[in-house]
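Residue numbers (my numbering), protein chains in the order written: chain A, 1 to 395; chain B, 1001 to 1166; chain C, 2001 to 2180.
Because the hints were derived from the structure by calculation, they are not lab data. Careful, some of the hints might be misleading.
[Claimed, not checked] Ranges between beta-carbon positions, derived for each pair:
| # | chain 1 | residue 1 | chain 2 | residue 2 | range |
| --- | --- | --- | --- | --- | --- |
| 1 | C | N2003 | A | P251 | 21 to 31 Å |
| 2 | B | V1144 | A | E191 | 37 to 47 Å |
| 3 | A | M297 | C | T2104 | 53 to 63 Å |
Positions of the beta carbon are idealized from the N, C-alpha and C atoms, including for glycine.
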Amino acid sequence: MNHASLEQNDDLITLNMGPHHPSTHGVLRLVIQTDGEMVRTCKPEIGYLHRSIEKIGENLEWYQFVPYTDRVDYVCSMNSNLAYALGVEALLNTKPETAVEIPLRAECIRVLFAELNRISSHLVSVGAAAMDMGAYTPFLHGVTQREFINDILEKTCGARLTYNYICIGGVMRDLHAGAEAEIRAFLDQLEPAMHSFNALISTNTIFRGRFAGVGVIDREMAIAYGMVGPNLRGAGVDWDLRRDRPYGLYPKLKFEVPVGKAYAGSKGVVGDCYDRYIVRLLEIVESIKLCRQVLDMMPPPAEKADDPIGGHRVDVTKKLRTPPKGGLYTRVENPRGETGYYIVSDGTKMPYRMKIRTGSFTSMTIFETLVPGMMVSDVVAFIGSLDIVLPEVDR
Amino acid sequence: MPGPTGPQVLFTSVDDFLNWGRTNSLWFLQFATACCGIELMQTGCSRFDTDHLGMLPRSSPRASDVMIVAGTITHKMASRVRILWEQMAEPRWVISMGSCANAGGPFSKYSYSVLNGIDKLIPVDVYVPGCPPRPEALIDGTEVLKERIRKYQMFGIRDTEAIVIE
Amino acid sequence: MNNAELFSALLVVYPDLSCETADTGEILWVVPAERLVDVACTLREDEAFAFDSLMCLSGLDLSKYPTAEKGVFVGDLLACVYHLHSFTHGHEAAIKVVVPKNETASIPSVEAVWPVAGWFEREILDLYGIDFPGNHDRTRLMMPKDWVGHPLRKDYEYPQTYGGWDLKRDGQTFTSGPYA
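Pulled out of the complex, with its shape left as it was, chain A reads as follows (with noise of 0.2 Å):
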């Protein structure tokens, strides 16, 4: 380093964040210059858990990948197979010979659990983001309920996390006996729990203080920068492709789309941490009454036991060897926005390429513009209202 470089940077210090760090919800390395207590640069490093998704798509056939969908985002598993399972369909549904058609069951199955799994998503959002502003017992609040979410899915599913259940054509199997009992007995006792939730800290005045006016991300910033999801919303956008590009069965349910409106009061701005905050608390409560939707219309199982929602149907798996050549690019929303693939076939039983575009990706690409002027400990308040997830990051 020459003289006049250490002139020039001799106050600012480099800060390196990660990749093992606490705050930073996984493997994120932030390469932060300060100046004191306040950012100068920002330089995100991504990459740590590149486990090239993308490239073993292009090796599996089309249902060998439904798996691999669950590690690209394993917070919401559900939604990721749900968002790739719409995906090949749609490709598939271009032609009429290769059309699929998914049982109304499978259907109602599919939405009811993708917001199951929305909620515990948002759940270990929310108190991720209280903890990282010091407030441990939220966390512990947000996972007693994603427990029970854990266990209804485990009965049907098989596992606690990576599920695997919703594939190409339908879901894998019925629901568990019992399943729409103990799925309403939980959406009743979780409204009082996110009432008492939201006493404990939403409310708090050190919490909101530390959260409002912070990291604000105005609409043209949102759209340009690619934010998605409940981050978009947050800024103020009031879009959802669930309503605006509905697919399965969203047209026939009815919910609101919540929009940041600067819910911190007076110190609060839209676009704020605060209001992404708070548009996941409410995305909560839309799912809680979508999943009660969802259990009224439910028809009831069929009297056939084989393959009674279609699940690794055999048409399915024949209409596959030879899909429609192109591609598709499918628009789903998960709890961390739209997830996209961009699907291209070459007409043979393994897809050509398969793109998965991830909100929590997009998310990152603001890093490097709005975190210089930030306080260090802005940052972590940032990163966690921005609700990212690694691995859906790097895939």
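Once you have looked at the hints, place chains B and C on chain A.
Frame of chain A; chains B and C shown alone:
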């Protein structure tokens, strides 16, 4: 990894005491990279609650006794794993949690970036299989590790052969 | 406006563009690499298009992609597919840029038009080896900085060693390396 220290006849009672302390305050390095990290997190939270076993998550390798490697390790991450392990104080122990850390798991065949098992980097004491393992399996793994810790102090010999939980 | 109307409106400004339709009904507007930034600016700024969001940017290696004729591949080409979306009008479109597959493949960066493109382009630079002049940081994003090769190319050969240790997959014989 230092070699066997040899029998320490004079200090057996002291060792017994240390050993009792070590097995009942097994602080683990919270080293969560991928899916298993969520199960590790849930093991430490309300229902399974490793706190009642004396296991507390630590963020610093210098303050931890056992490193639970939870999740996929890529080539880019590999040297960091080694550095973290080197920073831990002796006696240090390693639990490899989940298929990815054990042997590359589902990524072992077609992936160009995943390290096929962390035993290429650091010595592993206990392998906990599963993708991801249930919290009960992880707790079982720590119980097995405690047996090994007792044996280490009693005879002054450290087993180099890893244990696989079934 | 639907996709065909949008394309005819774009043809008024840029008459040399063409349009591809796949069996799946996917419509791609093929833009030459040297015109990409101009076209992107028009699509972003023009009130009629107002594509304010770049949803997805995917790299593609077309070298093993079959043509209509049996046994004949497209040839040594790399491509980038830009999926655009307009929050103002709610319409969507996709642009395709094709470049020859070699070590100097390059497409001008559209980071100035859509800031989110910066990281998408770095990822493609890493995994496909397409250079993006104009991007603020033209280094690898996913793989280590000293990694050799571009893994998502169809002719990529898995490395045998990295960082001093052996990466053999069959038989799991990791014998060499600093930590053995």
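How the hints compare with the structure:
no., hint, result
1, C/N2003 x A/P251: 21 to 31 Å, "holds (22 Å)"
2, B/V1144 x A/E191: 37 to 47 Å, "holds (42 Å)"
3, A/M297 x C/T2104: 53 to 63 Å, "holds (58 Å)"
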